[in-house]
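Please build the complete structure, drawing on both the sequences and the hints.
Sequence order for the protein chains is A and B. Start counting the first sequence at 1; every next residue gets the next number (our numbering). Start counting the second sequence at 485; every next residue gets the next number (our numbering).
Calculated from the structure, these hints are not laboratory results. Just so it is clear, the structure is predicted and the values come from calculations on it, not from any experiment.
Facing chain A, from chain B, some residues (calculated, C-beta under 8 Å):
| id | residue |
| --- | --- |
| 1 | Y587 |
| 2 | A689 |
| 3 | D721 |
| 4 | S803 |
| 5 | R812 |
| 6 | F813 |
| 7 | Y826 |
| 8 | A851 |
The calculated DMTMM-like cross-link candidates involving lysine to aspartate or glutamate, where the alpha carbons are at most 25 Å apart (straight line), are:
| id | chain 1 | residue 1 | chain 2 | residue 2 |
| --- | --- | --- | --- | --- |
| 9 | B | K839 | A | D268 |
| 10 | B | K820 | A | D85 |
| 11 | B | K820 | A | D133 |
| 12 | A | K79 | B | E824 |
Glycine included, every Cβ here is placed at the ideal spot set by N, Cα and C.
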Amino acid sequence: MKYEPVIGLEVHAQLLTESKIFCGCSTKFGQEPNQNTCPVCAGFPGVLPVLNRRVVEFAIKAGLATHCEIARSSILARKNYFYPDLPKGYQISQYELPVCIGGYIDVDIDGTQKRVRLTRIHMEEDAGKNIHDAHGDASLVDLNRAGVPLLEIVSEPDMRTAAEAGAYLRTLRQILQYLEVCDGNMEEGSFRCDANVSIRPAGSEILGTKIEIKNLNSFRAVERAIKFEIDRQIDTLSDGGTLIQQTRLWDENREETRSMRSKESAHDYRYFPDPDLLPLIIDDTWTYEVRVTLPELPATRKQRFAAEYTLPAYDAELLTARKDIADYFEAAVKVHAAPKALSNWIVGDLFRVLKERKLDDQLYILQWPVVPAHLAQLVQMIDHGKITGKIAKTVFEAMLDSNKPPQQIVGETGLEQVSDTGSIETTIDQVLASNPKQLAQYQSGNEKVFGYFVGQIMKATQGRANPQMVNEILREKLKTSVRQ
Amino acid sequence: MSLAQLTLHEASDKLRKREITSLELTEAVYQRIADTDDKVHAYLTLAREAALEQANRADEKLKQATDPAPLLGIPIALKDNFLTKGLRTTCASKILGDFIPPYDATTVDRVRSAGAVIIGKTNLDEFAMGSSVENSAFFATCNPWNLERIPGGSSGGSAAAVAADECIAALGTDTGGSIRQPAACCGIVGLKPTYGRVSRYGIIAFASSMDQVGPMTKDVRDAALLLEAIAGQDPADSTSINSSVPRYSAALNGDIKGLRLGIPKEYFVSGMQIEVGEAVRSAIRELEKHGAVIEEISLPHTEYAVAVYYIVATAEASSNLARYDGMRFGRRANGKDLIETYMISRDEGFGAEVKRRIMLGTYALSAGYYDAYYLKAQRVRTLIRKDFDAAFGRCDVIVTPTAPTTAFRLGEKTQDPLQMYLSDIYTISINLAGLPAISLPCGFDGEGMPIGLQIIGKHFDEATILRVADTYERATEWHKTKPRIQDR
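Here it is in structure tokens:
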């Protein structure tokens with residue numbers, strides 16, 4: 001029998017707010033254990049939560065960017081379970097009435113568009129971390145992360161292949177990064193994904209037994225685990241076995257999923273509306289205020305780049321992959337309108353530097369090695385014949401971190417192009433005079449020596465001679481010398 | 485006469501006029517505690533050293549202040565579910581061990597800022613769950629009017645301390661009657677404000693949608709003054725309401741002419757002690773004499789209130805009490821693994837009534853039961869609230885007994901939780917509806933036990949119930965009668 005896989009993803013995106021969702025504690029990563037805590041996020045007696053408005057704004061942003069309906073009234077609910085990293089014994093989350101409902105994301109899969117619908121987006125608080133094996137046989141609890149805001153983004157089971165799931169996940173991450181609400185770092189856990197995978201006979205409308213996969217810490221893991229799980233489920237059914245609803249863990253080293261708990265042992269979370277928090281009312285004004293702050297989203301921006309700057313689709317794709325790079329490009333184009341040349345410099349030289357310096361790991365590059373105006377001026381100097389393309393590479397290297405405009409570097413190092421006819425002529429005369437053997441070869445018909453002379457001239461001028469003028473004058477001089 | 489017998493406003497007057505000092509007043513209160521608290525057992529923790537320091541500071545301020553706050557230099561007692569920075573807070577439970585809070589409740593902060601002197605922490609039913617203080621993990625508190633009787637609960641320690649002059653005034657909390665029923669039992673004034681009027685931040689939560697802090701005092705004026713000091717929105721409590729706080733004490737003008745008193749027919753039914761009914765009816769006649777008009781009203785869903793309350797309150801409590809897991813504070817047992825550590829810590833830490841309510845609440849929220857219990861209870865709660873909305877279309881305040889009987893004997897109902905739950909039959913609906921209500925003395929039964937009159941107001945209309953209560957109080961002497969504390 002032929003089976004069709006059905007895949008839905010649940011994403012937990014850690015929000016980039018300064019403070020936690022229900023108290024004023026910092027969300028800063030990498031602090032000493034339990035430094036970012038107070039009685040509220042440590043679950044002390046008597047404390048009460050106060051909802052951080054920024055978290056709501058971020059949720060509205062994410063909802064609007066993914067075409068969701070923003071709920072005018074939504075409810076924060078308690079999810080009850082015991083665990084030492086959960087200080088109150090319940091997590092404040094949303095259950096029956098989430099903040100964003102419906103919506104969709106259009107995903108590009110090898111040039112074709114696929115629409116993946118969203119079920120919901122809701123806000124919740126993160127738990128702390130239990131640290132095992134660090135202190136004898138005791139476990140330690142670090143509550144720095146407890147109360148850090150999360151968005152849970154739940155897709156409909158609209159994906160059919162691991163590649164589609166991967167593409168959806170990348171697109172979603174790109175949108176959240178564009179919105180600057182999440183840094184999207186899967187390895188560090190600020191962008192987490194659980195996958196729900198089932199299979200059904202091709203053509204069937206009924207959903208099969210759902211398996212949830214956890215512990216997916218990279219895009220690769222998501223795709224590998226889904227592939228593995230689809231194969232496992234097909235094998236099980238083909239062998240006459242049955243599937244049971246369960247949660248399975250992805251084992252990165254063994255490249256397989258294994259059972260974690262079955263439905264029977266699943267928690268009863270006893271959700272109920274949190275009586276400490278009033279229903280969250282979002283009026284049209286608030287939604288509007290957030291809507292006007294929405295940046296142009298990646299898909300739109302990519303199309304515009306291709307059209308407005310007549311860039312190849314490939315360039316547009318690379319330049320709009322990140323908001324900060326797209327912003328960089330547009331800032332540079334404003335200074336010197338040479339889109340394709342700038343694109344070449346950005347995706348070539350600049351990307352190499354970003355990668356070398358691991359700046360491409362950051363969500364948003366604040367400290368560019370070369371500011372966009374300077375890069376634009378550099379290209380402008382080439383276009384105006386002030387420097388050669390080759391010299392420009394040297395100037396670019398000198399610009400890194402110096403924060404000096406290219407004109408200054410060229411001025412200080414005497415790298416400007418020599419376009420003075422007299423000085424070029426003198427150099428050519430000198431080169432011809434000191435290479436009589438090659439000159440004789442040329443005169444006897446070996447035109448290949450022309451390139452040799454050019455090389456010698458450029459060497460003598462440290463590459464600064466205007467190559468076009470060198471060509472012209474040299475050709476002229478050689479002609480005369482032949483005639484003589 | 486001991487200075488400890490003074491009311492808050494009397495003491496405040498004397499302090500302003502420099503007839504007495506806060507230090508003298510505070511010493512007098514501690515002297516009274518030394519004399520009587522080994523019989524009453526109102527206090528769990530005394531803070532004498534800190535209190536004397538506060539009294540000294542208050543005396544300094546009194547010397548300089550031109551118009552001192554009414555609370556400046558006044559010794560008050562706090563129910564032991566208020567978090568007090570640096571002062572042990574037990575909630576009458578073993579599970580908190582010797583918990584020393586790292587912060588003050590907002591209300592504690594407010595009375596401290598107003599210059600009050602914190603005498604100590606009073607006994608209560610564990611986690612405020614009970615109507616007699618017999619559920620305290622430490623000891624029972626006795627009713628100053630008869631040491632063999634319960635003081636009411638759960639704020640029984642605060643009520644007994646006020647009645648026995650072991651403080652000038654006290655704060656309690658009320659989730660289903662926990663201020664008003666002990667106030668009635670001990671012959672004092674107890675006010676539960678509108679839900680959202682007073683901050684809950686720093687109060688150990690029992691049932692978050694109903695818990696409310698309120699004053700427990702020797703007379704109505706004191707309740708008004710103390711409420712003024714603690715009321716008002718708190719940014720740390722999202723359920724506190726941004727509504728201006730009137731000067732309640734200025735509303736006590738004795739004028740209730742034309743005011744409509746609603747008398748709910750469902751509240752005067754069998755099961756009520758005869759003397760309680762008589763005293764309340766006689767109080768209503770007294771209010772009529774002052775120009776109030778009687779309206780018979782109906783609150784048809786009253787009979788479901790106790791059932792609804794014990795689903796909603798226990799559901800919330802089951803979740804609120806999950807944080808007592810032995811991990812971050814309080815007692816931790818040594819189990820062989822995590823689950824056993826949880827189980828033993830909670831088994832040893834919680835008393836029987838608390839466990840009963842956690843189990844009830846957990847059940848009501850469980851998959852498959854949620855709709856039938858929790859959701860249904862919430863729907864009926866809405867009906868109860870609507871009953872009051874409709875009734876307040878026809879009247880300005882509602883007058884009822886506070887409790888169906890006067891204080892019963894210690895041990896009389898400990899074996900029958902359902903009978904115990906019925907002690908709050910007249911007070912519970914008010915919490916479900918979030919309304920303000922006051923209890924004040926309106927007589928004594930044949931055995932000399934005080935009877936409480938309950939006056940219920942519209943949302944955020946504490947001023948009117950205080951005015952009605954004050955009018956009645958001016959016309960009567962009940963509040964001036966003091967218990968004679970005799971040996972058991």
